[in-house]
Amino acid sequence: MNTNKRILDTATPWMIESGPQGDVVLSSRVRLARNLKSRPFPAHANATEKIKIRQEIMATLSKDKYNLTNLEEISSLERELMMEGHLISPQIITDPTGRGVAVSKDQLLSIMINEEDHLRIQAIAPGLDLDNALTKANEADDSLEEKLDIAFDEQFGYLTAWPTNLGTGLRVSAMLHLPGLALTNNLPRIFGAVSQLGMVVRGIYGEGTEALGNLYQVSNQRSLGRTEDEIVKDLDTAVKHIIGEERKIREALLSKSKNSIEDKVRRSLGVLQEARLISTNEALALLSDVRLGIDLDLIDKDLKPTIQALMQITRPAHLQKFMGNSLETEVRDYYRATVIREELAKEG
Amino acid sequence: MLCERCHVNPATVHLKKSINGVLDEKHLCQTCAEETGELQILNLGNPLGSFFETLLGSMELKPAMMQTKCEVCGLTFDDFRQKGEFGCSDCYVTFREELKPILRRIQGDVIHKGKVPKRAGGTLSIKREIEKLRDNLKELVAKEEYEKAAKVRDEIKKLEAQSGGEEQ
Numbered sequence: 001m002n003t004n005k006r007i008l009d010t011a012t013p014w015m016i017e018s019g020p021q022g023d024v025v026l027s028s029r030v031r032l033a034r035n036l037k038s039r040p041f042p043a044h045a046n047a048t049e050k051i052k053i054r055q056e057i058m059a060t061l062s063k064d065k066y067n068l069t070n071l072e073e074i075s076s077l078e079r080e081l082m083m084e085g086h087l088i089s090p091q092i093i094t095d096p097t098g099r100g101v102a103v104s105k106d107q108l109l110s111i112m113i114n115e116e117d118h119l120r121i122q123a124i125a126p127g128l129d130l131d132n133a134l135t136k137a138n139e140a141d142d143s144l145e146e147k148l149d150i151a152f153d154e155q156f157g158y159l160t161a162w163p164t165n166l167g168t169g170l171r172v173s174a175m176l177h178l179p180g181l182a183l184t185n186n187l188p189r190i191f192g193a194v195s196q197l198g199m200v201v202r203g204i205y206g207e208g209t210e211a212l213g214n215l216y217q218v219s220n221q222r223s224l225g226r227t228e229d230e231i232v233k234d235l236d237t238a239v240k241h242i243i244g245e246e247r248k249i250r251e252a253l254l255s256k257s258k259n260s261i262e263d264k265v266r267r268s269l270g271v272l273q274e275a276r277l278i279s280t281n282e283a284l285a286l287l288s289d290v291r292l293g294i295d296l297d298l299i300d301k302d303l304k305p306t307i308q309a310l311m312q313i314t315r316p317a318h319l320q321k322f323m324g325n326s327l328e329t330e331v332r333d334y335y336r337a338t339v340i341r342e343e344l345a346k347e348g
Numbered sequence: 001m002l003c004e005r006c007h008v009n010p011a012t013v014h015l016k017k018s019i020n021g022v023l024d025e026k027h028l029c030q031t032c033a034e035e036t037g038e039l040q041i042l043n044l045g046n047p048l049g050s051f052f053e054t055l056l057g058s059m060e061l062k063p064a065m066m067q068t069k070c071e072v073c074g075l076t077f078d079d080f081r082q083k084g085e086f087g088c089s090d091c092y093v094t095f096r097e098e099l100k101p102i103l104r105r106i107q108g109d110v111i112h113k114g115k116v117p118k119r120a121g122g123t124l125s126i127k128r129e130i131e132k133l134r135d136n137l138k139e140l141v142a143k144e145e146y147e148k149a150a151k152v153r154d155e156i157k158k159l160e161a162q163s164g165g166e167e168q
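Same order as they appear, the protein sequences are chains A and B. Heads up, the first sequence is in this note's numbering, so the first residue is 1 and it goes up one at a time. Heads up, the second sequence is in this note's numbering, so the first residue is 1 and it goes up one at a time.
Note that these hints are calculated values from the structure, not bench results.
Subject to a maximum C-alpha distance of 30 Å in a straight line, what follows is the list of computed DSSO-like cross-link-like pairs (lysine-lysine):
(1) K69(B) <-> K52(A)
(2) K127(B) <-> K113(B)
(3) K37(A) <-> K69(B)
(4) K127(B) <-> K148(B)
(5) K37(A) <-> K118(B)
(6) K147(A) <-> K127(B)
(7) K83(B) <-> K113(B)
(8) K233(A) <-> K127(B)
(9) K233(A) <-> K100(B)
(10) K83(B) <-> K52(A)
(11) K136(A) <-> K113(B)
(12) K136(A) <-> K105(A)
(13) K118(B) <-> K233(A)
(14) K37(A) <-> K113(B)
(15) K63(A) <-> K118(B)
(16) K136(A) <-> K118(B)
(17) K147(A) <-> K105(A)
(18) K136(A) <-> K132(B)
(19) K26(B) <-> K321(A)
(20) K113(B) <-> K233(A)
(21) K136(A) <-> K63(A)
(22) K147(A) <-> K118(B)
(23) K65(A) <-> K118(B)
(24) K240(A) <-> K113(B)
(25) K248(A) <-> K258(A)
(26) K105(A) <-> K321(A)
(27) K100(B) <-> K37(A)
(28) K100(B) <-> K83(B)
(29) K37(A) <-> K127(B)
(30) K132(B) <-> K233(A)
(31) K147(A) <-> K113(B)
Chain A on its own, in the form it takes in the complex (with noise of 0.2 Å):
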C-alpha cells in the first residue's frame, strides 16, 4: 500500500506525544461550560436561533487563531473523525445542525458551539498537567467573555443546561492506561476507592462508553462549592493515587514474573506485525499490551509515537478516511492489519 506516511499525518499531533507521566497518562483535559444569557439552551432552541447563536458566537473568534467548522457542512465520516480526535463529543455527530467548532490550530484547544451548553471550552494537554490546561481554557474564556454576555449568577455561578455542570461549569479529565490494573484484576477495588473521592470512571469517549485498550477516563462529579483550583488538585491527587497503585503492580509483574509478561507483549507485538485481519477491540487490546511493553523496557522506546498514533489511526472513522470509501467490515478489518503492519515495518 505504501501511504504510511500519509495515514500517520491523520493522527491528532497531542496523541503521538508524550507529557508527564506518559508512562500511564495520555492525556489531561478541561472543559468549561457556558451559554449566553437569556437565550434558549440548545436542546430547546429551534434551528434557526441555533445558527443565530452560532453566528454570534463565531463572530467573536480570530480565523488567524482557530480553524472553523459548521458541523451541517461537512460529511458524517468528517465529524466522526472530529469525534475520535476529541474534538467534539459522541452526541453532537448525530444532530449537526446550527452545532459548530472552532479548534486552535495546534488542536491543543476547541470550542463546541451548541452542544449541550452554548459553549464548550476545552483545553487538552499532552500528559498529567491540568494546570497547562486549565490555564489555556481560561484565557479563552475571558476572551469570549469580553464579546458576548455569559449567563451567570453571584449564588449559583456559571449556568448551565444541567445543573449537574452548573458553578464552575468545570469538568476536569485525565486519560489513563491501566493494563497492570486490568491485569490483575484490581480495577474495582481502585475505581470504587476514586468514586468515593467523588470522582467518576468512563470509557475513552466519555459518557455511556465503553473502555477500550485498557484506556479509562477519570473525571470530577462536582462542579458547584469548590473553587477550579481545588476542582484540579483533587483530581491531580486521585490520578497521582492510580498512577503510583498501577506503577506498584507493573513492576511486581516485572519482577514476579517478567518471562510471561515478556511473552505476552512480545506475542501482541508478534500479531500486530503479521495479522491479516484485525479489529478495532482487537487492535487496542494488542496496542495496549505493546504499549505495556515499551513502559517496562521490554520494547524499544523509538516505537512509542508510533503505537500512540496507531491507538488513534486504527478507529473505524480514521481508517475509512484514508481508504477514501465507506468500508465492509472485513475490508476494513484488512486495511487495519496492513496498515499495522507496514506501519510497524517501517519502524523495525
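Given the coordinates of chain A, assemble chain B onto it according to the supplied hints.
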C-alpha cells in the same frame, strides 16, 4: 462508520449480543435500529430525568409550583422534573428556591465559590474582597492591632461604595 442496514446514515447504535456464547455485533443508525426493534431493548428513557423525578418525588411539591413557568423560555418546573435540564439561564432565577434542595443532593452545595467573570460577574468580586477584608479586620482587632485595623476598615468602606453601598 455507516449504518450496515441502510448504508446511508452514520451508525450511532452499536449493539453487542451474546446468545448461547455466540457473539453478534451490529452497527445501525437510529432509524434502522428503531425499525428493526433493536432500540426498544435499549431505550430506557433519560436516566438523569428519571433520577430527578425520583429525587423530587420525595419532596413535597405544591401543584401551583409545578405549573410555575419561566417567563423567558416557557419551561415549567414539571418539564424540568421530567427532563432534568433547563430551557434557558433565566430558569435558574425562576426556580431558585425549588432548586436548592436538589443542588444540595447532586452537588453537595448551593453556593458558587469559583471563577467570577469580569463583565457578567457584576460586583461579586468586590463583595468577596470585602468578606475577606472583614475576616482580616476581626483578626486585627482581636490582636489589638488597631492602626492596621483602621486602614482595613477604610479599605472596606471604599469597596462598599464601589459595590453600591447597599451592604453595611
